[in-house]
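Each chain, written out:
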Amino acid sequence: MQITVQLHGVLQREAGTAQILLELPQHTHVGEALSQLESLSPDIAHRLSLCACAIGDRVVHASNLLHEGDVLALLPPISGG
Amino acid sequence: MHLTETPLDLEALLAQTADDSSGALVVFGGTVRLDDGVQAIDYTAYAPLAEKALAAIEAETLKKFDIRHCCLQHRIGRLALGELSVLVVVRAAHRGPAFEAARWAIDTLKARVPVWKEEHFRDGRQSFVEGQPLQTT
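Chains as they are written, first to last, in our numbering: chain H, 1 to 81; chain V, 82 to 218.
Derived by calculation from the structure, the hints in this document are not laboratory data. We put the CB at the ideal spot given by N, CA and C, even for glycine. Do not rely on the hints blindly, as some may be mistaken.
Said to hold, decoys possible - In silico contact screen, one side only, chain V against chain H (beta carbon under 7 Å); selected entries:
#, residue
1, Val107
2, Pro195
3, Thr217
When you get a sec, could you build the whole thing from the sequences and use the hints?
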């Protein structure tokens, strides 16, 4: 299945792109997808452990299952206000 | 909408929360300040979660404090020195709860709303503010 990883904040700057497409086996969890992303994107690998993840308006965690077409937003440490 | 790319409109928020039974009005406004040569800040957000979090913080503030109204609004896009990035408007019968609620709301916004600041400096540098991990609970 294919998902889109959407990069925000400093991740986008350091990866040089706003999104990354990942080909994953069925029944992949968010944590497994992040592990694959670490290998594919060494420029941002060191930041992933501090990122929150969301799909739509829901925060998701490492154990959440992914589905075909999901857009997984990676949210680095925030600085609003 | 709690996120906007247009200049924040305090008058609109005051009109929206106008209430003859409130004797206290507290407004907090965050502005872009001159710091180490910063001349502008780009604010970006993950809108689906930011909108949801801002609405939730308004509701929680209303429940947590003895207040009558709480409105939060955050601007995104490029802001110059002095421009407002965020507004918190609280109305209550009395000033004590109004001050406490406004403080709690902005502190909670900074912990739970996915917004990022990238600073642009006079010498041409640009740098994201380090920030804190998004609080999700």
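Let me make sure I understand: some of the numbered hints might not hold for this structure. Which ones are they, in numerical order? Of the numbered hints given earlier, the structure breaks just one, which is hint 1.
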